[in-house]
Structure formats: C-alpha cells, structure tokens
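There are 2 protein chains.
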Amino acid sequence: MPLSANNPDRKSWLHVDKNSDFPIQNIPFGVFLTRDDIITIGTRIGDTAIDLGALHQLGYFDGIPLTEDIFLQDTLNDFIADGRKTWRLVRNRIAEIFDSENTTLKNNKKHKEIVLFRLDEIEMQLPVHIGDYTDFYSSKEHATNVGTMFRDPDNALLPNWLHIPVGYHGRSSSIIPSGIPVHRPQGQTLPGDSKAPVFGPSKLVDFELEMAFITTDANDLGESIPIEEAEEYIFGLVLFNDWSARDIQKWEYVPLGPFLAKNFASSISPWIVTLDALEPYRVEGPKPIKPQLDYLKYKGKKSFDINLEVAIQPKGAKETVVSKSNFKYMYWNMAQQLTHHTINGCPVNSGDMMGSGTISGPTPDSYGSMLELSWKGEKPIKMKDGTERKFINDHDTVIMRGFCEKDGTRIGFGEVSTKLLPVYKK
Amino acid sequence: MPLSANNPDRKSWLHVDKNSDFPIQNIPFGVFLTRDDIITIGTRIGDTAIDLGALHQLGYFDGIPLTEDIFLQDTLNDFIADGRKTWRLVRNRIAEIFDSENTTLKNNKKHKEIVLFRLDEIEMQLPVHIGDYTDFYSSKEHATNVGTMFRDPDNALLPNWLHIPVGYHGRSSSIIPSGIPVHRPQGQTLPGDSKAPVFGPSKLVDFELEMAFITTDANDLGESIPIEEAEEYIFGLVLFNDWSARDIQKWEYVPLGPFLAKNFASSISPWIVTLDALEPYRVEGPKPIKPQLDYLKYKGKKSFDINLEVAIQPKGAKETVVSKSNFKYMYWNMAQQLTHHTINGCPVNSGDMMGSGTISGPTPDSYGSMLELSWKGEKPIKMKDGTERKFINDHDTVIMRGFCEKDGTRIGFGEVSTKLLPVYKK
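Residue numbers (our numbering), protein chains in the order written: chain A, 1 to 426; chain B, 1 to 426.
Calculated directly from the structure, the hints in this document are not laboratory data. Every value quoted in this text rests on a predicted model; they were computed, and no experiment measured them. Virtual Cβ for every residue (Gly too), placed ideally from N, Cα, C. Do not take every clue at face value.
Simulated crosslink set (DSS-like; lysine-lysine; CA at most 27 Å straight-line) [claimed, not checked]: (1) K287/B x K195/A; (2) K203/B x K379/B; (3) K290/B x K195/A; (4) K18/B x K318/B; (5) K384/A x K203/A; (6) K426/B x K297/A; (7) K297/A x K195/B; (8) K426/A x K290/B; (9) K426/B x K85/A; (10) K290/A x K290/B; (11) K297/B x K195/A.
Label pairs and their calculated CB-CB ranges [stated by the list, open to error]: (12) I114/B x A81/A: 32 to 42 Å; (13) A196/A x E378/B: 33 to 43 Å; (14) V254/A x E123/B: 39 to 49 Å; (15) K425/B x S4/A: 38 to 48 Å.
Next comes chain A alone, as it looks inside the complex:
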C-alpha cells in the first residue's frame, strides 16, 4: 500500500501557513464538536478543520470499505480497529481531495460549506475512548536524573532498567484533551520535618513531557506480538503531559508505584498524528549499553526525530520556554515497548494508549520535568516576567509542542495546553 499521502511535493488548495504543523502531508485524526453541536471525526489542513463524517456522506470515500457511520462517532476507536490498510486508503484519499490539482470539492461551494470549519467554530474532544493506559519510563536521562536525586548517584539506574522497557499501568478516566483545566490535587505527604503524614494541597505539582501512542486491536489473551510486527498496531501519536504531584508521589510510591500522584489528570493533544505521516522522520535509536534479550532486538530505524518543547505561561504574562527536548532520545522505542507489553499475553486493544515516560535529553535545558529542570527546586527557573519557578504555580498554563522537519516539510502535533487551577472547591 503506497503512502501517496506523504508526497512532499503535494500542495493543497486550502491555505497552509509556512510554519503550520498541519500541511497536506500530515492529515491527523481527531474528534470535534461542530458549530451545530454535532460530534464528528475530522482531520485538519492548515487552520481548516474537515468533517470526515460529512465528506463520507457526500460520497468522497466511495470505493473504500468503510461502514456508513464510521466517522459519525464520538471516538476514533472503530476507525482505528479497521486497521492500517484502511487508515492508509483514507489518508491517501484525503490527500487527493485537497490536492491543489483536484477541483471536485474545491469548486463545490455547497459541499465546502458542509465540510469545512474554521478552528474557532469547533471544539476538540478526546479523540479515543482509552480502554487501558500504560506509561513507560524509557528515557535513560530521565531515569538517571531521578535515580541520582532520590537514590544513589553512583547507581542511578536500577539493575533492571537496561534490560526492561520499564512500564506501569495508569488511570484512563482522568485523561483529558488539551484545554481542559486541572485542579491542584490534595493528598497525603510526609514533610521533611514530620514523623506523621499531613493532608493538604500538593506543593510540588509538575508536568512530565511525554509522547503517547494509540494502538489498534493487536492480540488476544495469551498471544504475544513479535517486535517486527509491533509497529503495524500503532495508529499514531499525541503529545502527552503526565501531570505529577511530586510530594504525594514520594510518600505513596513504595512498593507498588505512583498512584494518586499521577491519576488526578493527564493531558493529551487532540490530533492524533499517524505513524504513517511520521515515516520520513525515522532515525537510528541509541545503541544498547547492555545486550538486550532476543524478543526486544529489532532491525531498522524505530526512533523518530520529533522536536519537543515545554513553555510555562503565568497568568496574564508571556510564556517562557523552559525545555527543548526530542523524542529520538528515548532509549527504548515504541516497538520494543509494545512487544514487551504483550510478551506475557496481555491483550492490547483499539484505543489503548501508551506513554513514553518523561523525555529528558542529555543537557539540563532538555530535561522533561520541573523536578529535573529545577533539580528538586534547588535551581529555580527564571521566567520572562521576572518571576521564578521551582514547580508549577496556580494559574500557570503549561504548553507542550512538537514537530518534525526535513527537506522543507514540517509535520507537527499542535499543542497540549493546560491551565493549573487552585484546589477544587464545591
């Protein structure tokens, strides 16, 4: 199945800004509420949102095996379950419909009125119903930083880390799309000078810069996915802010892992950029430091060169970029993560989400959390408005962005932007 949608020479008859994350080579998938309060599945070219449900009803996907209501749903789960061949047919067709050489829709004013929306006319929703959410811990720099701070600088990485793509289960119910504000969580913490825990608002609310991938139905109970097939089951990626309350985490996490420190909220960008669209941006991953077991060995380029940044915007002030990182720094890639996840026969379904873990780079300005950037609060970060940040303040907005760029084509994720509100009051 050719990936004609990725043709770098194609232009669209829709206007696309030079630095847009969404040229006609991107064609991400999302779910939005239209100006008529109808929920639909859509895509985006430049700053135009496209109603795929309406396009399908008008016959533009004729010849592709799709059920009638596949895009008239409030999640992408069923479309994702249709599998890679269908995703490709649809993306290729969308590229054709909006190709500058194709006048069919371009010259049909009535159809355009039904199908096209300005961004301010729509409201993005969570793109999938997330059945199960897993978070990995796959950045060596992040694991090393955390181990150095909290355990032993000389043995910062735990013995299993270089052998296992360490991961743990997270909470699906608190995953929200960009734009939904989050309240500062309350909980138990053990202050340094106290013998007993106290209850109150977390004082150390943090972001974690991550990416997450969304899967299709992959395996039945008992079955494993070989590493050479793993990417077949990855639909696409989003930016992911895995909100964390460091003081709650420190007190609760032994021995079963973080729980309430994480599950108060996790934010994702609303457009799922397909793995297909990211094909041109494959790069070599880091060389293994220790030999990896056979089931985790892979061939070819399984890492992706995705530039990432985090900005903090205080209330009423300009934002300050506090971190610049890259998805390619991940020590364990997505194929390894997914294969490891199923090696014991754990079933992976359409709409499951797997987070990368905090993506820290090698230099202090590329760390993916305030914990690391401010080094436990010892080195406050200077903001453009003159204030300082050790962690996130109430009314701060945390914005994450990501994009690939090569040979003049840029494929981006837009942003995940989330405001931290004070503790919830009824």
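For chain A, the structure is supplied; the task is to place chain B on it using the hints.
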C-alpha cells in the same frame, strides 16, 4: 428505600438447596448468553438463572423507571449507572416475583419458559465493561508476610502502609470471568545465580485471593467523595483471583510496581453480589494501629464477614483446600479505599473495579497466596493426591469460593475457577 429483598423469612417458589449461595435473599446480577445465543442481564435463585431482559419485556418491572433495553445489554454498566435507588427497586421487585406466596409468574408456564434457564443452558460472561481497574494492598497480614520475606522482618510494613490504603493501577483488558483458562506467562526473570536476566516461562505462577468491588458513576474530575458517602457508589462485589508471576514480579517491579507479573490475567466470579445483599453481614473492622488522617476516619461497621477459601484441583484429581480466609481481616475497608482513590479528584465511573489486595488472615492456613502458604517455596503444600505444590502447576485449576452465613441465611458468591494451561503456542 426499604431493603425488603433482604427479608430473611422469605422463601422462593424456585427450588433452592439448603447450602446454596443463591437463596432469594441474594439476587446477584450477571450477564449470560442464553440457549438461543442471546446475551442478556440476569439474576440467579438456587440453580435457576433468570433472564431479566425477558422479564422486563413481559412487564414484570412496570412502575420502576427503567429504559426498555436496560437489561438487553452485554454489560451491567448502564444499569449500575442508574444508581442505588434503582438497584433496590429492581432487587425488591425480583424478590416479590419469586416469593413463594406470589403465583403470577409461578403459574404462567409460557412466561416461565421464556424467563427461566438451567445453569447448563447458559454461559456466564464478564458482567461489566471494566473502564479502570485498581488493586489495593489492604491486608496487613499479607503486606507483613511479603515485607518479612523480601525486605526486613523487623520493619516488614513500609512507613506509609498504616497511613495510606496503598493501591496501584492494573490492566482492564486481561480481566476474565470464571471458566476461561489462563496460559502460563513468559517473561524476563533474574535467576539467583545469574548476572543477566533470562527469557522463558514463569516458574512461579501464583494466585492471589482477593475480593473486588464494582462502582457506579461517583465523581467528576477534581471532585472527591467524602467517606460517609463512599458506600453509596459501590454496586457490589465479586471474588477475584489476581494471578501473579512471582519471578517476573521480583525482577520488574522496582521502582514503578508490578506490571507483566500481573497483567497476563485476572479472574472474577461472574455474579455480582450487591452491597445491599451483604448488609446483614457487616462487622467491625480492625482497630487502627496508628492514627488515620481525618478524610479516612469512618463511623459504623464498614467491614464484612465473608468466609473465603481457595482450592487447587490437579488434572484428573480431587481438589485440596489450601487456604481459608475472611474478607473481614482487611485493615482498610472499601469506603476508605474509594475515598482515598478520589481524594485527589480522580474520577470513578460505572463499571470500575477495585480489588482488595491479597486477603491473608492471621494464621498460616489463612494466607491468600502460595507465596505465603508455601513461604517462598520453603514449605510445600501437601495435596490430597499425594503431590506437593509450592506454586501452581500447568493443568491445575484454582478455585476460590466465598459466602456469608448468619441466623440460617447464607449469601454466597459461587466461585471463580480458572485452569492454568502451559505456555501459549500458536
């Protein structure tokens, strides 16, 4: 809302064995496939399964505000979302319909043919779509045993354990009903004499004797549930076998908790016994050893006296009961668990499941896992067929049962029975 369904003097016109778990005072809820391959929601009295979808269509629930298709579904989620008042109205009505004094259905042969099934005519399904699954770690005896074996006998309980109902997220996709066999998982382990991990079948597959509760929609993102309201959101309970691979667990679990050691399978009994049906069996819980923070303090009896047992049945042999425990041993009760889970604003939805953690009692014959019963394999358990068990062998069936008994009335859960098969082969 009176709980007339619990009237201990009521008899049913359906036959109920003296030692049945399912007298007319129980009225659990489940989902089954009928002899006509139709999926429906049902209940059970004695050894008769009752099709609630058919009963509703025939008008037997007239006057109760229910949607037409509420029982014609493949999960209980929507019915559970209807809330406690509705559950009570339905349970009370079922008790009336099958009361020995009520001849309406009893004398209607045609209706009975539509509504009633022998157990061998139906196939029990997973009763709910489990959105999120959390497992707690709330038995002091279990946490102490594990801490003694793997850490420090003098400080077996970690510092947070007496303050926090410790819990962690689990995997929903691998939760299966009783009767579905499980394959021995493969994975990474670090043998005692090895410097590097090896790959292969787990050698230490274990059960964990747990109970789990199913919730209704409880709170929105940001909101907490006060402890005095928590039980309002608990629909009912099931028996729960939280399958574990101890060797995989030992190597993978630091620092983020167990992952592949648990998510290959978790088995539940198919009938959800309502919290209402368990009302007569409330007992005092253990006295707190250390003061608990205000949000976890409760009044009244929040523990339940539920007798539990685990049996192992080797292939072709008789079963041996290897453990007898009780749900009342739990140090942290369900109200505390649910309140703790939401204290940071984490949303709890209809169909979420929360496991108790392994329920070990104070004596060695009441421990809830082979890890503890055989004390890491140092004290093998003698079986009736002359063999010994340190952990679970291929082709063994693990059976868990539970029931309450008081003043001549017995309310039980039936069983969760699961066979362990060898490693999965395509």
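Which numbered hints turn out to be false for this structure? 8, 10
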